[in-house]
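The task is simple: from the sequences and hints, build the whole structure.
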Amino acid sequence: MELRWIFLWVGLGALVLALVLWQLSRHVRRRWKQGREALAELRRQARDMRLEMEETASDAPDAGKDSQSAE
3 MELRWIFLWV
13 GLGALVLALV
23 LWQLSRHVRR
33 RWKQGREALA
43 ELRRQARDMR
53 LEMEETASDA
63 PDAGKDSQSA
73 E
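My numbering puts the first residue of the sequence shown at 3, with every later residue one more than the last.
If you're looking for bench data, these hints aren't it; they were derived computationally from the structure.
It is possible that part of the hints are untrue.
Stated by the list, open to error - For each label pair, taking beta carbons as the anchor points, the in silico distance ranges come out as:
hint	residue 1	residue 2	range
1	Met-55	Arg-33	30 to 36 Å
2	Trp-34	Glu-57	32 to 38 Å
3	Arg-33	Glu-57	32 to 38 Å
4	Val-18	Glu-43	34 to 40 Å
5	Leu-19	Thr-58	55 to 61 Å
6	Met-51	Arg-28	32 to 38 Å
7	Trp-11	Arg-46	51 to 57 Å
Note that the coordinates shown come from a computational prediction; the quantities given were computed from them, not determined experimentally.
Beta carbons: idealized from backbone N, C-alpha and C, even for Gly.
So this is what it looks like as C-alpha cells:
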C-alpha cells in the first residue's frame, strides 16, 4: 500500500515539473521573439540613421565648396 502512495507522489511531482517546464519554455520563447523583434527594429533605425548621415555627408562638401568659392 505504501509503494502505491510513493508512485502517486512521484507521478504528481513529474506532472507538476512538466507543467512548470512547459510554462517556462513558453515564457522564454515569447521573450526570445520580443528580443528578435527589438533587435530588428534597432537595426532598421541604425540603417536609417547611417543612410541619413551619408546623405548629409554627401551634401556637406558641396555646401563647403560654395562658401569657400564665395570668399
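These are the hints, each one checked on the structure:
Against the hinted window of 30 to 36 Å, the Cβ-Cβ separation of Met-55 and Arg-33 comes to about 32 Å, which satisfies the hint. At about 35 Å, the beta-carbon gap between Trp-34 and Glu-57 stays in the expected band of 32 to 38 Å. The supplied range of 32 to 38 Å is met by Arg-33 and Glu-57, whose beta-carbon atoms lie about 36 Å from each other. Checked against the hint of 34 to 40 Å, the C-beta distance between Val-18 and Glu-43 comes to roughly 38 Å, which is consistent with it.
Separation of Leu-19 from Thr-58 is about 58 Å and conforms to the stated range, judged on CB atoms against 55 to 61 Å. The beta-carbon spacing between Met-51 and Arg-28, approximately 35 Å, falls within the hinted interval of 32 to 38 Å. With their beta carbons about 53 Å apart, Trp-11 and Arg-46 fall inside the hinted range of 51 to 57 Å.
Every hint, counting from the list given before, is met by this structure.
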